[in-house]
Structure formats: C-alpha cells, structure tokens
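Number of protein chains: 2
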Amino acid sequence: MDLKNFFQPKSIAVIGSSKHPRKIGNIIFRNFIDLRYEGKIFAVNPNAEEILGQKTYPSVKDIKDNIDLAIITTPAQIVYPLLEECAAKKIQNIIIISSGFSEVGNVAEEEKLRDFIKKKKLNVVGVNCLGIYDSYSNLDTLFTPRERMDRPKKGSLSLICQSGAIGAIMIDIMAQENYGLRRFVSYGNATGLDESDFIDFLGKDDQTKAICLYIEGLRNGKKFLEICKKVCKKKPIVAIKAGITTKGTEAVKSHTGTLAGSAEVYKGILKQANVLRAESLEELFNYARLIERGKSPPGNKIQIITNGGGVGVLAVDELSKRGLELAELDKQTIATLKKEMPPIVNIGNPLDLVGDANDARFKFAIDKVLEDKNVDILLIILLPQTPTITINIIKILKEIYEKSTKPICLVVPGGSFANTIKRELEEYIPSFSSPSGAATAIKGLLDYNNQIAKSKKRKKAKIIQK
Amino acid sequence: MDLKNFFQPKSIAVIGSSKHPRKIGNIIFRNFIDLRYEGKIFAVNPNAEEILGQKTYPSVKDIKDNIDLAIITTPAQIVYPLLEECAAKKIQNIIIISSGFSEVGNVAEEEKLRDFIKKKKLNVVGVNCLGIYDSYSNLDTLFTPRERMDRPKKGSLSLICQSGAIGAIMIDIMAQENYGLRRFVSYGNATGLDESDFIDFLGKDDQTKAICLYIEGLRNGKKFLEICKKVCKKKPIVAIKAGITTKGTEAVKSHTGTLAGSAEVYKGILKQANVLRAESLEELFNYARLIERGKSPPGNKIQIITNGGGVGVLAVDELSKRGLELAELDKQTIATLKKEMPPIVNIGNPLDLVGDANDARFKFAIDKVLEDKNVDILLIILLPQTPTITINIIKILKEIYEKSTKPICLVVPGGSFANTIKRELEEYIPSFSSPSGAATAIKGLLDYNNQIAKSKKRKKAKIIQK
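Chains A and B, in that order, give the protein sequences. Going letter by letter, the first sequence gives residues 1 to 466 in our numbering. Going letter by letter, the second sequence gives residues 1 to 466 in our numbering.
Chain A with its partners taken away, still in its complex shape:
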C-alpha cells in the first residue's frame, strides 16, 4: 500500500478549517500557512468566506484541483457525510482527527465509518488521532500549539503511536533531547489503517532507520506478526505495549475499548515478531538511538572510558546487571597507555582518566582503545563539569565518531551545562544522561544484532535443506 500522500501530498484540503485561533481546525490550517508547506492548501468551511487570508470552499466538491489528502477536523456527528463527499471527489487519503466515536461508547457511528471505508477502499488515518508529522516535508497536522510542544529536527527515527497524548509527549521529548525524527503517525482508533500498515510502509522508507511503536492493543495479531518479521530483517522495531500488567490491561480496555489481550500473549507476539520491547518512553528512545546509527559491533566486549571514577563503577554495575560483557584491553594497549598517560590514570575497565583529564588525554585514550582488537563497543562517560575539559571536546568526539567503524555511545551526566554539551553531541553520537540509559542502548544493539544473526542462520539452514 502506498501511503506517501499522507506525508508529502501535493494538495491538501482541511475540512473544518476555522477562524477561531483555539479551534483544532484553525491550528492545523495555520500549521500549513506558518510552515509554508510546499503544496496547495484548501480551507473547507461552508460558514466562512476566508480563513487566515485564504479563500474557503463550502465543500471539497467545490475544489477544482485533485486533492491528495483531506484532513477532517469537525465534530463527530458530521464526519460521515463529509467522508462521503471525499469519496465522491475521489480523495483516496483522509485523516480524521475528530474524536467522539468508540472511545466514548459511540461504537455504531464508528462501525458505519469502518464499513464505508472498506467499501470505498479509502486509506484513512484515525478517527480520534493527532494525525501526521513529517519533519522533511513539514506536513504537520498536530493541534498541539508550538509554544506548548516543540517539534524535533530532521532525523531517522519514525514513530507510530496509537495514543495521541503519548504521541505528543514522544515528539516533545524528542525535540527537547535533540533526537532526530523522520515521520510520526498517530492513528487513534484505527478505523481505517492500523499500526501494521504503517510499519510496512515505513519499513520500505529509506530515510527511516528505526521504528518506535506505542500500542495498547492489536486488531490483527497475525498481520502484525508477518509484517514485523519482514521489516525487522531490515531495521529495528522497538515497542511499548501499554497494559502489560493485569491492572494495566483493564485500564486499556476502559481507555480505547481495545481488547488488550493478556499481557503474556502480547509479550509472546512481540518476541516472535522480533520486536524489542521497552517498558517506558525513556527506554524506548534509549533502545532505538544506538541501533539506528547503523554501526555494527564486531563482538560484544564493551570498554568504558571516563574522567569520573565513581560514574565508571556505576556503569560497570549497569552493564553487568544486563548481562553485558566488559572488554579486557590488549597488553599492547595497556603498555602504550602506561607509557603516555600520567601515573594517576587507572588503566583497566573502566579506563579512568581521572578528574584532571583534559581534551588531549581523552583523545589519546579513545584512539588507542578503538584500535584495540579486544574492544567491540566503546562507552565514553564525559564529566564536563571539570575545568580541564574545554568545549573543543565536541569537535574531537565528533571526528572520532565519524572515523570509527565500532559503535560508540556517550554519557554526559549533570545539569544545564552538561545537557547543552549532550544535546550538541547528540547531533553526532548517541548521547545519554546516565549510565543506565547507555547500558540499555548497548543491550538493544546487541539483542538486535543477535536476532539478525539468528534469522540469517535459519535462512542459510533452509537453503541447505533444500
């Protein structure tokens, strides 16, 4: 199914565009105007002559141009006739933002829509959703105002999110942390398209390097399983399944009316589908951010380099707790470090460059460690609070990262200065605020790689059998 017109349509009709600045139909229409969306935008509203200086049309049927995408923002009770008009106008792709359907007990109205969508073979996102955000095309149907919720920079993570509220928070966190976003879709009640349709589509999208997913339930487990298995061979999928405890399952039922199924069944499906399961939003992004950079480790041995001994110890605990393995530096590396470093430097794992380490000591140590064949993954913990570190470290780390074939991740713990450094470095290197975040990321990377290796093995075995 080609869903690209949801993300980069050439012509758009906003049905229910409004003059009132707090109305959803105003905010969404304004997004297109403010962001100077490259494409034709039509405002549809039978009760207004112009909105934000643009001519309005009483109905989509009055627009002469072809419409690639319609966005319906009206109250629930008039959605059905508007959808009929869209179908009559041969609009294939429709986002229905409107809420007030099965999630509030109005099941009959939603079923009526569902039948019509099926009959007319329409592609519909919604009902009861935030819609789409594409950081490349600037398509933005989010009705959360920008002064309340930031938008992330361009990047290669894509988000698929059942809940609008969770979607808003995810986008907001991504912007705040300087994570790069490719595409976002909140599909709400899945009256038309569901998570699997978008996993399939974004699986084929070259700009998407990893898919993050939030689901409360699945309408079609078999379809989900098949599509995820296929997509996971090419790129990782990380998912939060909300309602993973008995009480949580009950809460899901009352939230979206979805039959959430038992927690154990869902854990099984996700595992079988090769989807990495995260338990919180923090964990979701931590899992995805290292894998999506695409550096594959030659093995599973991790070396820690830091200028803070205590944080180094905490990092060892975090890695060990997850069953991850520490590297043992080669004799040659140890000899070189001993020769070139001041005697107070603690050569081991962690390699503790101690509190007075400067940029040059970091650079020398990292270079040597990356050359070491015993090291597969590098974890750098940088404490920029000490006055011997300068902001030149950003450039140094960037250059090291670009040259390295081995995965590197960075921890910059602390307050406002540390966060500024971390946000800037996130541009180049997956950067975390705590050892536990980085350990989660490394675990995710190794789990994904194991999974890929296993599936290749199985494929090979099958070929040999034939």
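Treat each hint with caution, since some may be false.
Treat identical chains as interchangeable: a pair holds within one or across any two.
Straight-line distance between alpha carbons at most 35 Å, and here's what the computed DSBU-like set of lysine-lysine pairs gives [as the list claims (entries may be wrong)]:
hint, residue 1, residue 2
1, Lys295, Lys121
2, Lys339, Lys89
3, Lys229, Lys321
4, Lys321, Lys267
5, Lys209, Lys321
6, Lys230, Lys457
7, Lys64, Lys395
8, Lys373, Lys457
9, Lys23, Lys398
10, Lys234, Lys119
11, Lys459, Lys253
What the hints contain is simulated information worked out from the structure, not anything from laboratory work.
Based on these hints, arrange chain B on the given structure of chain A.
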C-alpha cells in the same frame, strides 16, 4: 560529635589560596568572596602578598583570630606539615581537598595522616574530596566552577557522597531539576570522618528531612548499621551502593582501593540498617523526594488523575509492576463526578479527564478524589501540551497541595514547556517527568512507612515483654 563548624564556621582559612584563576585554591577562595560569605576568610600562601584583593598569611600560625575551619588545597606532599600547623594553631575542623594518596597507591602517606588525625583528635573531611556545600550558609568548597556546574536552591535533602565526581553530578542534577538542597558533603577517602559521622550529624539536623548517600565501600559496617538504624527512625536514608555486581565490586577496588565486600553482604547491611537502596541517581532522588515532604498516607491505595489516557495506562503498569495498589473510588465520588463532568470523562482508575480538560475540570476532580476515604495517595499526570490547560494550573495545584494531608505527586511529561511547568511546580509538589519516576517515589514512601510501623511495633512488643 558536633560538626556544625564544617557548615557554618565563623572564621575560615583557605590554605593554598592561589592567584591563578584555574587553580583549585583560587576557585575555592573566590567562592567565599563571590558569595559574600558571612564570616572571616583568611588566605594562606607563603608566596603571595595578596589574593583577590585580600591580604595573605604565610601560615595559619600567623593569623591572630581563632579559626573554626581550615581548608587545605595544596599538593599531597605538603599536606602533612600543614596539618601539623593546623593542630598547633588548635584548629579542630579541617577539610583536605588534596588528592594523591591511597587512591593512587600512596598508602603510606595517607596512613601517616590518619594516625596524626587520630592522635590529635582532629575532625577531618577528605583527603581527595570536594568538601562541603551548604545552601543556607553559602559555604562552598566545590572547585567545579559555577558556569560549569549549577548550585541548587535551599531545601531539605542532604547528600553524603564518597566520590567527588558523583557528588558534582548530584548537585548539578539537583540544580537543573529545581530540587532543594540542605547540605552536601563529599568525604573522599574518609581519612578522618566517614559517612556514618555525617549521617549521625545530619540525622540531628532539623532542616534535613531526608539523607541521600552514595557509597563505594564501608570502613566500619557495625558503626554504619547502628547509626543508620537510629537515624532511620526519624528520617529516611536512601543509598546507592556502587559496585553491587561482581564486576562492579572489582571496579570499586581499583577506583578507591576500598575493599568493597560482596554485593550480597552490602545488600544485607543496607536492608538491616533500614536504608532504602536505589540503583541509579535518578532512582535515588525519586525515592527521596516524596518522603521528605513528610505527608504520611492513611493507607496504600493510589488514585491516578490525568488528561492523557495513554499515560494513565502506563502509570497503572508502573504501579502494578512494583506491587502497588490502585484505589477504587467510593460510589458517592463516582456519582458526583458523573453528575458534574462531561460524559466523555472516563471515571475509573485512572480517572481520565480526557484531552480537552481545562484547569477547572482538574480542580474539581482532584478536590472530590482527595475527599474520598478510599484514596490514600494521589498521582496527578498533567499534560500541559493541550491548549485548554493554562498556567493558572500552577496556582491551583499549589493550593490543593498545601491543604491536603494526603501525599500527592505529579508527573509532567514532555519537552521544554512541560519541563518549565514541572520545575516551577517542584517548588510545591514532588514532580516527576515520567510515570516510572512517580511510581518509584510512591514505592519509597510506602516502604519507609512500613519500616517505621514495624519498628514501632517491635518497640511496643518489647515494652509489653518488660
């Protein structure tokens, strides 16, 4: 032991004060000048006439005034004779910032200091430490410059920290998140005073409502156990023990030379001492921040109120995972809410006020829920991204919190706008960025209360036996 002169001395000598702005002896001396410390400050340096416009003294012996506190910042090799001079001048309290002792293998020099300290009955913080920060008196011996590391506002959490690096990060995080700090001490190698001495002292400090601890090892487990048991009856102690895995234990040994002991032994000691154990810095603060507010729940039933259904479900999962219990609203509360709220509001647990909730809907629902006898603890999850919430919500929540005898905690997830709201509300209500943080906090509160209840029971049983 009275250690108050480490925190609010009337006269201070900075031994090793320096003219060079990047030297530790300059940064520390400058802290006193810049913060206009209320007390006499003397710069000691035999090779300078004046530092930062202040007269210098060749030795502490040349100062006529009594000195309540000396701070030694010189290289390791001259610390011993300087300590002798302090003793000769009858200075009781000394902070030795200097490093280069047992942590780099220079065990003999440190033992020499240790013997002298014992013999002269001196109170010594250090060696190899960051020293003291007191947000009330403005005493600040931290050599991490303020442009690199923020300082927290006044508050009631006190920190005791073996590692200087971890101490710096903790302070930096507290400032960033707007957590209030009472007193901080980094005691490094514990050549003189150790964690137990400060736990004892801060246990008696009325302004300290909770103690956070970072330890790598204990010199005297028995002393620690006795003091913690006593202090924990009055206020909670939350601790991170670094090196809680086998590999981590090895890393501790190489970091501070402390015999870290087996992880299991330490877990046992902390449990016996009634200390809550955290596994990360995030968890440490999350555990401490709700308890320290001092609101005691009448029972263990938790009610969630939110304007984001999905986050409500995640919160249920987080509570359930920790074995925490959800409240069931009383029939009367349900009837009142049904009557007054729009029909789309989902009355249950979570109580989902849905996406278009405004300030007034929040206020009404919270008031009713707090009156409900079935509710012991309230967890509010506020999504301020939606345009129907105004910044007036800050005032509303503040007033509700002040009136309530039941514990309340708040989650404000998201990006920069959400963080601003969260930081402001942290002033009044323990505020978290994710459901998992709040769930940890509630778990900590209930664990602490159970512990207090048990120890009261034991005491009563003993009295009856007598």
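Hint by hint, here is what the structure shows:
no., hint, result
1, Lys295 / Lys121, "neither (41 Å within a copy, 58 Å between copies)"
2, Lys339 / Lys89, "neither (77 Å within a copy, 43 Å between copies)"
3, Lys229 / Lys321, "both (29 Å within a copy, 28 Å between copies)"
4, Lys321 / Lys267, "both (21 Å within a copy, 15 Å between copies)"
5, Lys209 / Lys321, "both (28 Å within a copy, 31 Å between copies)"
6, Lys230 / Lys457, "within (15 Å within a copy, 60 Å between copies)"
7, Lys64 / Lys395, "neither (53 Å within a copy, 52 Å between copies)"
8, Lys373 / Lys457, "within (25 Å within a copy, 60 Å between copies)"
9, Lys23 / Lys398, "between (44 Å within a copy, 29 Å between copies)"
10, Lys234 / Lys119, "within (33 Å within a copy, 69 Å between copies)"
11, Lys459 / Lys253, "neither (39 Å within a copy, 47 Å between copies)"
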